[in-house]
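Asks: The residues making up each chain are set out below.
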Amino acid sequence: MSKVVAELKYSAEHEWVAGDGSGPTGVGISAVAADALGDIVYVDLPDVGSTVTAGETCGEVESTKSVSDLYAPVTGEVVEINDGVVSDPALINTDPYGAGWLFKVAVTEEGPLMSAEEYAAANGGEL
Amino acid sequence: MTEKYTALFEQHKKAGASFTDFGGWQMPLKYASELAEHHAVRNAAGLFDLSHMGEVWVTGPDAAAFLDYALAGKLSAVAVGKAKYSLMCDADGGIIDDLISYRRPSPKEGVDQYLVVPNAGNAAVVARALLERAADFDVAVEDASADTSLIAIQGPAAEEILLKLVPAHQHPLVTELKYYAAVEVGITVSGAVQDLLVARTGYTGEDGFEIYIGNLDAAGLWDALLEAGEGSGLIPAGLAARDSLRLEAGMPLYGNELSRHVNAYSAGLGPVVSLTKESDFVGKEALASIKAAGFGSTVGQKLVGLKGTGRRAARAHYPVLKDGSLVGEVTSGQPSPTLGYPVAMAYVDVEFATPGTVLDIDLRGKPEKFEVVELPFYKRTK
Chain A
239 MSKVVAELKY SAEHEWVAGD GSGPTGVGIS AVAADALGDI VYVDLPDVGS
289 TVTAGETCGE VESTKSVSDL YAPVTGEVVE INDGVVSDPA LINTDPYGAG
339 WLFKVAVTEE GPLMSAEEYA AANGGEL
Chain B
-3 MTEKYTALFE QHKKAGASFT DFGGWQMPLK YASELAEHHA VRNAAGLFDL
47 SHMGEVWVTG PDAAAFLDYA LAGKLSAVAV GKAKYSLMCD ADGGIIDDLI
97 SYRRPSPKEG VDQYLVVPNA GNAAVVARAL LERAADFDVA VEDASADTSL
147 IAIQGPAAEE ILLKLVPAHQ HPLVTELKYY AAVEVGITVS GAVQDLLVAR
197 TGYTGEDGFE IYIGNLDAAG LWDALLEAGE GSGLIPAGLA ARDSLRLEAG
247 MPLYGNELSR HVNAYSAGLG PVVSLTKESD FVGKEALASI KAAGFGSTVG
297 QKLVGLKGTG RRAARAHYPV LKDGSLVGEV TSGQPSPTLG YPVAMAYVDV
347 EFATPGTVLD IDLRGKPEKF EVVELPFYKR TK
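Line by line, the protein sequences are chains A and B. Residue 239 is where the first sequence starts when you use this note's numbering, and the numbers rise one by one after that. Residue -3 is where the second sequence starts when you use this note's numbering, and the numbers rise one by one after that.
Okay, chain A solo, but in the shape it has when bound (with noise of 0.2 angstroms):
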């Protein structure tokens, strides 16, 4: 089964956010929806500097087998976008909770989110 990360937030449609509120936010994919996706082999990200909207498209991921929105879990300006997926997607297959990381954001407002324990509730992903 799909490991989900106690740690974490998710939103319905399966980004992760991370933070502690002390600094931007960490936004990546949770690896249900990687491993449901299949190997991905391209990812579209916003830009820096551009501003993303709680449960609105901001980019997509697409795998040999399909493609997929990606949806902002939060509101709030890109400050940082991970190069390193862009060049290798596949690292949100194999660390979909670390390397894979894809944007952090300046959060001035979060969308609704689920604990990790809902997360996997809803989703049969393993804690």
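Possibly wrong hints are sitting among the right ones.
As the list claims (entries may be wrong) - In silico lysine-lysine, PhoX-like type, Cα no more than 25 angstroms apart, as pairs:
no.: 1; chain 1: B; residue 1: LYS303; chain 2: A; residue 2: LYS241
no.: 2; chain 1: B; residue 1: LYS104; chain 2: A; residue 2: LYS241
no.: 3; chain 1: B; residue 1: LYS78; chain 2: B; residue 2: LYS104
no.: 4; chain 1: B; residue 1: LYS280; chain 2: B; residue 2: LYS70
no.: 5; chain 1: B; residue 1: LYS303; chain 2: B; residue 2: LYS365
no.: 6; chain 1: B; residue 1: LYS375; chain 2: B; residue 2: LYS78
Unchecked claim - Each pair of labels, with its calculated beta carbon distance range:
no.: 7; chain 1: A; residue 1: GLY287; chain 2: B; residue 2: GLU223; range: 55 to 65 angstroms
no.: 8; chain 1: B; residue 1: ASP86; chain 2: A; residue 2: GLY322; range: 48 to 58 angstroms
no.: 9; chain 1: A; residue 1: GLU355; chain 2: B; residue 2: TYR175; range: 51 to 61 angstroms
no.: 10; chain 1: A; residue 1: GLY287; chain 2: B; residue 2: GLY251; range: 37 to 47 angstroms
no.: 11; chain 1: A; residue 1: ASP321; chain 2: B; residue 2: ALA284; range: 58 to 68 angstroms
no.: 12; chain 1: B; residue 1: THR(-2); chain 2: A; residue 2: ALA359; range: 55 to 65 angstroms
no.: 13; chain 1: A; residue 1: GLY322; chain 2: B; residue 2: GLU180; range: 50 to 60 angstroms
no.: 14; chain 1: A; residue 1: GLU298; chain 2: B; residue 2: GLY251; range: 43 to 53 angstroms
no.: 15; chain 1: A; residue 1: GLY336; chain 2: B; residue 2: GLY306; range: 25 to 35 angstroms
no.: 16; chain 1: B; residue 1: THR294; chain 2: A; residue 2: ALA360; range: 51 to 61 angstroms
no.: 17; chain 1: A; residue 1: ASP321; chain 2: B; residue 2: GLU180; range: 55 to 65 angstroms
no.: 18; chain 1: B; residue 1: THR(-2); chain 2: A; residue 2: THR291; range: 43 to 53 angstroms
no.: 19; chain 1: A; residue 1: ALA360; chain 2: B; residue 2: HIS167; range: 51 to 61 angstroms
Note that these hints are calculated values from the structure, not bench results. As the structure is a prediction and not an experimental result, all values here were calculated from the model. Ideal Cβ positions, reconstructed from N, Cα and C, are used throughout, including at glycine.
Got chain A; can you put chain B on it based on the hints?
Replies: Chain B in isolation, oriented as in the chain A frame:
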């Protein structure tokens, strides 16, 4: 529809497969990584469960004449031991299925025999249509799909792996087997040698074999092949890899490129239709008019290959545009794992079907440039 399971379902589960519905069957989509499975087939070998495909035996004094009538190709011209890719069409020329027929040795004087292999989702329809079309022929049509498993081993290492299960004196049967031919070969399954029908056919663009076996022994053969291929890079491969492999090889998939609403000429399958064979066949009149009207060359749409210039891939049903006007629709598309760029097949208006033509595909609101190219995208170097 109740879900159907092949005799290899437990093997797939044990190997950690994720499953998908295909033609009513629960089939392995992938085991671990569909990309790794794809590359294994291109560089070593992959093992596929194709037991969802149909197997219909056609036997009788009229078997050859009957298939000439029931299918679009000239099956009577196929030599014993050879196979032919053909179409079953409806009276309007629409494609009911694309299928492979194997001519088998005559079981007795004056009787011919063929094995017809339709696609999984069409197996029942094809078996029924064959029965209906057989009314005026002295022929028996037996649908053995439910009892027959089909295992494919595909890739440059397929032959050396298969040979490990074949007694030495029978090796030439395998090594000398030509593409689109089939032969009974002794294969060691669960400690005993069984004569099995082995065809040198496939749907990946690589060398490889398809092996027919009764359901009871299928798991034994699957395990034996995996074990024989351990040192050669053989891994089980799912439908995701099968789809990316066949797309690179420019092979149509029924339901994507082919349907009742598509004719053979637009699909580029004109050479498969034998309008010159003496006998009548179902769809002949319609197909003759379709051809005479110029479909696929000067009229209507044509199936083409499209090569992406960016990194984003086209997917089935995306609109194809020229100067903002709709000129076609994508039938299959994805990033090509072997070639490293997006590939797609699409029906486009014939005036835009010439290789070198640059078209736009609407990728979820953003147009991206694709160039019409010759099929296949990938051809193995011998």
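Asks: State for each hint whether it applies.
Replies: Hint by hint, here is what the structure shows:
1. LYS303(B) to LYS241(A): Outside the cut-off at roughly 37 angstroms; violated.
2. LYS104(B) to LYS241(A): violated, 61 angstroms
3. LYS78(B) to LYS104(B): holds, 18 angstroms
4. LYS280(B) to LYS70(B): Holds, because 12 angstroms separates the two Cα atoms, which is no more than 25 angstroms.
5. LYS303(B) to LYS365(B): Judged against 25 angstroms, a Cα distance of about 9 angstroms means the pair holds.
6. LYS375(B) to LYS78(B): Distance of about 23 angstroms is within 25 angstroms: holds.
7. GLY287(A) to GLU223(B): 55 to 65 angstroms: holds, 56 angstroms
8. ASP86(B) to GLY322(A): 48 to 58 angstroms: holds, 53 angstroms
9. GLU355(A) to TYR175(B): 51 to 61 angstroms: Once the Cβ atoms are compared, 56 angstroms apart, the range 51 to 61 angstroms for TYR175(B) and GLU355(A) holds.
10. GLY287(A) to GLY251(B): 37 to 47 angstroms: holds, 45 angstroms
11. ASP321(A) to ALA284(B): 58 to 68 angstroms: About 59 angstroms separates the Cβ atoms of ASP321(A) and ALA284(B), which means 58 to 68 angstroms holds.
12. THR(-2)(B) to ALA359(A): 55 to 65 angstroms: violated, 29 angstroms
13. GLY322(A) to GLU180(B): 50 to 60 angstroms: Because 54 angstroms falls inside the window, the suggested range holds.
14. GLU298(A) to GLY251(B): 43 to 53 angstroms: violated, 25 angstroms
15. GLY336(A) to GLY306(B): 25 to 35 angstroms: holds, 29 angstroms
16. THR294(B) to ALA360(A): 51 to 61 angstroms: Holds - the Cβ-Cβ distance for THR294(B) and ALA360(A), about 55 angstroms, lies within 51 to 61 angstroms.
17. ASP321(A) to GLU180(B): 55 to 65 angstroms: Taking Cβ atoms as reference, ASP321(A) and GLU180(B) lie about 57 angstroms apart, which means the hint holds.
18. THR(-2)(B) to THR291(A): 43 to 53 angstroms: holds, 44 angstroms
19. ALA360(A) to HIS167(B): 51 to 61 angstroms: Holds: the Cβ-Cβ distance is about 56 angstroms, inside 51 to 61 angstroms.
In summary, the structure is inconsistent with hints 1, 2, 12 and 14 from the numbered list given earlier, while agreeing with the others.
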